[in-house]
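Protein chains: 2
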Amino acid sequence: MISIKTKITDLFNVKYPIIQAGMVWVSGWKLASAVSNNGGLGLIGSGSMKPELLREHIRDCFSATDKPFGVNIPLLRGDAEDLVNVTIEEGVKIVFSSAGNPKKFIDILKENNITVVHVVPSVKFGLKAEAAGCDTVVGEGVEAGGHNGIDEITTLALIPQLVDSLNIPVIAAGGIADGRGILAALSLGADGVQMGTRFATTVESSAHPNYKKKVIEASDSDTILAFKKIGLVRMIKNEFADKAKVAETEGWKEEELRELLGKKREMMGIFEGNETEGKLEAGQSSGLVKEILTVESLFKKLLKEIEEASNRNDKIIKD
Amino acid sequence: MISIKTKITDLFNVKYPIIQAGMVWVSGWKLASAVSNNGGLGLIGSGSMKPELLREHIRDCFSATDKPFGVNIPLLRGDAEDLVNVTIEEGVKIVFSSAGNPKKFIDILKENNITVVHVVPSVKFGLKAEAAGCDTVVGEGVEAGGHNGIDEITTLALIPQLVDSLNIPVIAAGGIADGRGILAALSLGADGVQMGTRFATTVESSAHPNYKKKVIEASDSDTILAFKKIGLVRMIKNEFADKAKVAETEGWKEEELRELLGKKREMMGIFEGNETEGKLEAGQSSGLVKEILTVESLFKKLLKEIEEASNRNDKIIKD
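Chains A and B, in that order, give the protein sequences. Just so we're aligned: the first sequence equals residues 1394 to 1712 in the working numbering. Just so we're aligned: the second sequence equals residues 1394 to 1712 in the working numbering.
One thing to keep in mind: the hints can contain errors.
Identical copies go unnamed one by one, so any copy, or any two together, can satisfy a pair.
Unchecked claim - SDA-like mimics (lysine to any residue), calculated; alpha carbons at most 25 Å apart, straight line: (1) Lys1521 to Ile1617; (2) Lys1423 to Phe1518; (3) Lys1708 to Ser1558; (4) Lys1517 to Ile1609; (5) Lys1443 to Ile1499; (6) Lys1683 to Arg1705; (7) Lys1657 to Ala1525.
Calculated directly from the structure, the hints in this document are not laboratory data.
Looking at chain A on its own, in the form it has when it is part of the complex (with noise of 0.2 Å):
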């Protein structure tokens, strides 16, 4: 099997530089704990998890693996800093922030010892995230499931543009779900991937069999941008994306685009597997995801396709 050593992979002390991202719905103690011990990075999804709740996880997440883990927490909800403040008092060593601006807890973060990552859409944000003190950023292409940056960006334009400007190292991610991928990745200049709908669809998420199915089930193309103008969100086509689209098309306002939204529509769709009126948040690798795999499963086999790819690309370029 092959070995990979890159910063990322010094910074978090993990054995490969692949990161499961932190989902809503998706990604408790389970998941984490599962990437960790295989040599990954597991990251809690507080997104859709109450601060006691957090809590438990994390406290499971240290009794199912000695390996390092860290936790996600979405900066713009409404409790975040006492997501913050349970993260710190449970020991968590590393977190990747999103949604919002990461200078408002660098400070408590950093005085814990805490490594601090942020998810940034475009150059922009990633040279604010390092100005804040960010130990590396998380760059995500429009291809990405879930919320996306509004300048709708791609993660092959937007990684070696981040490269060049940051002196920190950039981890990639949208698009990803093989090894092929993450070859792809480190090609561009990253460190490091994090890959969310290849991990949505392991044994060990949380996400409902539904939700699981109608990721294998998806192509290319069964996935809709939409919500931009109160928070651009890519999801696999349904019911309730069609009425989505219809709504982008016809340029409904801001409030109306609420009221068609709703509240808890990814738990609704994600968790409780409602495969019609649910927000089935995804990515455009939706379409390389063909089974449902155990995490374990899933590194063996990422790591025979990024030997492969590397064999391939050996033999193709020649000195």
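Following the hints, put chain B in place on chain A, whose structure we already have.
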């Protein structure tokens, strides 16, 4: 210097699997022959030419290079048949078709021993092109400049899915402007790349100096996608693009959009250099383009970058 050998270098009998996109107002005989003379595959972009002008460019290209070159033909043009006939009559042996059904002219092209390549934005259209008898496809992601597919699939997500679905080789396009991007595309399983924006900003490109300047000044966030209802197009932000964005957000109707678009906006922007009211078609890779180079210097730079990125991968990944 490295050598690169793939199914695409074999198919076109070229040294490097690097194709210069056929672009309106940019790629006449001068650019195409320079690319072919430097070991890539140059394409004359017939999209902005009347049939008799195309004939002149083909003749001039044959005078300027003894290497293979091709012609790009947009099949939706009213006089596409005339462009096809001129191409056949003048003895060009490679045709890249786009924007339309490749079935339309495949028989006459194949009867004349012409290698036919179709540009596709999704797996669905890739399968159609293969079934029609195309020799290879260009899989073009939504980060590309100019016209794009409605499903807005990115290069990173599209290429491995095309590779898995087709038996013919795949050329990757969209978001690629340096050696890192080329190596990333090969890692995804592509056998070659097509680059537009980067070649549009060479000395030999017939784009107006103002257009080249705008590309060089652009950051990762400086292009937008607009005109979804009448033909999705990516262009650099300017006053015209701002109006197009407002139209998009407000959900304007098709006829209103057509009126805003008007006629010959590409010519105004790319050829005449109207920076504010012209349509400056360019991709998200604009942010990677920092200088105007000769095609010769660009090829040297690309090959060096591929080598560097490849060496970095070899350092990171060990057996």
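Unmet hints by their number, sorted upward, for this structure: 2, 7
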